[in-house]
Amino acid sequence: MKIHFKKHITGLLLLILVISAVACKRILDLEPHNSTFTGAYFTNGQDANSAISGAYSSLRRVLLNNYSWHVYGDAPSGEFSIRSDRDNQNYNISNGEFTGLNVGSGNWNWQSYYQLLQQVNLIINKVPGIAIEKFTNQDDKKRIIGEAYFLRAFTYFYMSRIWGDVPLRLEPDLDINQAKNIPRTPAAEVLAQCIKDLELAKANLVFGYSDENQRAVRANKGSALALEAHIKAWTGDYAGSEIASDDVIKNGGYALSDSTDYSKVFIGKSLEGIFEINISYGQSEGISLNGGGYAPTLRRPYVANKADIQWPVNTSYINKIYKDTTDIRYKTFFFQAQSSEGQTIKFSNVTYADGSAKNDPRLSNNLIIFRLADIYLLRAEALNKLGRDGEAVILLNAIRKRAKVADYAGGGTALGTTILEERLRELYFEGQSYYDMVRTKTLSTYNERFKDQFMNGTPEGGWLWPIDPGMFKDDFTLTQTPYWQGRL
Amino acid sequence: MKKLIMICIAIVTVVTIYSCKKDYVIGGSLYNPKVDMTTYDYLKTKKLFDTLIIMVDRMGLKDEVNASGTVFALTNYAISNYVKEKQAHLRIKLNDENLVFTFDSLKLPELKDSLRAYLFKDRLPVEALSEVGKLRKSNDGEFRLIQAIPTTDYTDPNIFPVKPKYVYLTKIVKKEDGTGTIPTDSTQLPLVDPEQLLQARVQTSGIITNTGVIHVVNNNHTFTFFGDIKN
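If you read the sequences in order, they're chains A and B.
Start counting the first sequence at 378; every next residue gets the next number (the numbering used here).
Start counting the second sequence at 1066; every next residue gets the next number (the numbering used here).
Read the hints as simulated data drawn from the structure, not as lab findings.
Every clue listed holds true.
Simulated crosslink set (BS3-like; lysine-lysine; CA at most 25 Å straight-line):
id: 1; chain 1: A; residue 1: K781; chain 2: B; residue 2: K1240
id: 2; chain 1: A; residue 1: K683; chain 2: B; residue 2: K1199
id: 3; chain 1: A; residue 1: K503; chain 2: A; residue 2: K518
id: 4; chain 1: B; residue 1: K1240; chain 2: A; residue 2: K700
id: 5; chain 1: B; residue 1: K1099; chain 2: B; residue 2: K1186
id: 6; chain 1: B; residue 1: K1239; chain 2: A; residue 2: K700
id: 7; chain 1: A; residue 1: K697; chain 2: A; residue 2: K781
id: 8; chain 1: A; residue 1: K683; chain 2: B; residue 2: K1228
id: 9; chain 1: A; residue 1: K697; chain 2: B; residue 2: K1158
id: 10; chain 1: A; residue 1: K697; chain 2: B; residue 2: K1239
id: 11; chain 1: B; residue 1: K1236; chain 2: A; residue 2: K683
id: 12; chain 1: B; residue 1: K1172; chain 2: B; residue 2: K1109
id: 13; chain 1: B; residue 1: K1149; chain 2: A; residue 2: K697
id: 14; chain 1: B; residue 1: K1202; chain 2: B; residue 2: K1186
id: 15; chain 1: A; residue 1: K708; chain 2: B; residue 2: K1236
id: 16; chain 1: B; residue 1: K1239; chain 2: A; residue 2: K708
Beta-carbon label-pair distances, calculated as ranges:
id: 17; chain 1: A; residue 1: T728; chain 2: B; residue 2: I1076; range: 55 to 63 Å
id: 18; chain 1: B; residue 1: R1156; chain 2: A; residue 2: L865; range: 34 to 42 Å
id: 19; chain 1: A; residue 1: K778; chain 2: B; residue 2: V1227; range: 47 to 55 Å
id: 20; chain 1: B; residue 1: S1094; chain 2: A; residue 2: D462; range: 21 to 29 Å
id: 21; chain 1: A; residue 1: D462; chain 2: B; residue 2: N1223; range: 21 to 29 Å
id: 22; chain 1: B; residue 1: S1251; chain 2: A; residue 2: E589; range: 46 to 54 Å
id: 23; chain 1: A; residue 1: G789; chain 2: B; residue 2: K1158; range: 28 to 36 Å
id: 24; chain 1: B; residue 1: T1110; chain 2: A; residue 2: L865; range: 42 to 50 Å
Take a look, some chain B residues computed to stay more than 12 Å from chain A by CB distance:
id: 25; residue: I1074
id: 26; residue: D1128
id: 27; residue: F1166
id: 28; residue: D1169
id: 29; residue: E1175
id: 30; residue: K1186
id: 31; residue: S1195
id: 32; residue: Q1253
id: 33; residue: G1271
Beta carbons: idealized from backbone N, C-alpha and C, even for Gly.
Just chain B, with the same shape it has in the complex:
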């Protein structure tokens, strides 16, 4: 009798454990941040970055992109925003409301350093970033503040104790009245007034390629932060 019970329990246990093994997910796949390509090749496979690829090619930055630990990738929209802002700016500046300015009008070699401000030597996956953030030196020598800031926009913090994080690439500028200091290392960050921070949010973070990490800057960003008029 005792033996029978033990056998029964054993069967039930085995069945219970194995019955869970079948996954009930239909379609989709487990999240895998890794792609088996170089950063440049990966960007080339996505239509969203074809303008960026044109810029990289013409500026001869392909090797530098692949040598960078972290790339903040600009979508076509972010570059298009720049062209639009530039046109509006030039129309006012040259007092010609019919002035036409397109992507072809850009002098790409002059913008090389502006694009290099989005490339970083260090490898910065999301796990390496904090809410306070650190100032990091980009390839053109400018400093950028890089943070991963938790948000409650889409989750109720009472239900999900771990908040999702947005990665931000932030340019620090002077205040509108010209005051305020631009820090050169992370210890000076507490002196910065929040008004000085021009934030660009990352829409897709932590794509890991064979050569580095890609964070995709959101579509509403304007290349070089040109949309922020007092910048």
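Only chain A is shown next, with the shape it has when bound in the complex:
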């Protein structure tokens, strides 16, 4: 019995020894499964395609996170009378208090933007090295490279409008241990790089869409030109902006939607859309308003069971801008705009995932970044600045005609103001108004809270955002935005 037992034990031990010796090798993979940092990835067209999809999804996250597209682009413009009791953070932001109570890291930190840029830089770095035969559709290679350059230009332009100078990082960090800290690059240099990127984007992209499903939600040559027109107008190069926007209008294949189909433009993928972020319940990508999604401009009856409106319209702003009673935009964009709970219903395509119980609302409107009407008016602005009022009026009146507003005949600075206000009317709550006011140096006219801190739109002004002090601890090269130094 005892001997038997010993034999068993020895046998068991031997078995364990053998198994463990062999097993280790197989359980512990020497190469990570999903690493994008080794030669294991970026070997074929499939990898390149999923990498660019990943970049778009990062962009979506960045623009939706903290509601930032509208918080940066709309809240401080004075369009809304944000309720301090229901959304204190954005109430402070709308008053220009970018360091106010409850305003914080989420608004100041740009790290998620650099995660997106890392992905884009990787694509730019790696995809050209993939042999063309490895792509199922050989047009994809150029297109993906072009889209990556577009995304990099867009991201840096977007960041530079928020913070001014931002660190310009053009190479991916392939080894995290060798990642270097870069100081903030002057805004002019960042924007010049954006234009360089766009040249490459334009060379790699074409107009139009072969797959209608990708309309506007994937960048094409038209999106790149629209971005170029915006960047050049922002830097004051109106001659360049005029040329780029002309190209979009003439060759992009876009068309203004009819007055009756107006609201469809805001659902997305319309012929008017130039660049959009895909948000579609039909594709299971709707925003769940109970699951962290935010729809502060809506309440009942547009979102059943939602009693509170956090961002009611600013009635006096509305009455200042929309003076024309025939303007169909007033009826299409707003609900009870004259009340203290006026809703902005541009983006109110809500579907209920639980059907008639209506407890689970999902918002299904694309985030509109560029659309044709925006480019029409941007070109009109450029033409007006270049003294070509005759051509500017034609574009302006095309937009007014659709909105059923009488034609405008005038010129000079009066025309300039009309074009700006037409933009404010047309692009209300589309993340543009604040930057339109900054670009045309009229911010303090429309939101008097910025009277002292706007400083005529110079880089010293408080229209730029402070950066998160939390980022300084890992990066000693960073400095605070000039206006906010000593104010945080």
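Put chain B on the given structure of chain A with help from the hints.
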């Protein structure tokens, strides 16, 4: 042996039942909507309504308040909002940007009917109200839509199947372009465009006094719905 087990079970049962009796709530009290006062006296005990009480006194509405089954009580804020809106309105109308208008400038007797629009003969506790709501005649003869609408603003409907309800006092007006009918009884409600509804939410509902029910209209409301410019 069997007996012993039975006794044990009995003891355990008794202990289990009685051990639960002690309440673990420290502080606070059970919700009791009833106050042992008349509506007027109750409003008088709360500072939030002292402006309302001044108005009621000067308009001689004390008895009518106590005779009303339901009172939508206005807080000081709601009346202050009215005074502010009125000042802004008069400044534009009379083209005098320095015009000063205060509570003392109000001609209270003229506003008597406006205040009576917040008083209702019927007793309307929250349980008597529905989501669709009914048109009710207020003491000044105007109709108001009174509803109790469920909300999910603060609860997850997947966890709490019973949703909390907000009470709304709604004035129905014409649309901005002047069209739309103002209904005079509840059967006409389906014809009303949502744009015609000016809602005032109740912040504290169903206070039951000896003479009726009080619903407190939220602080952001403006007395007479004056804040809604096209009204």
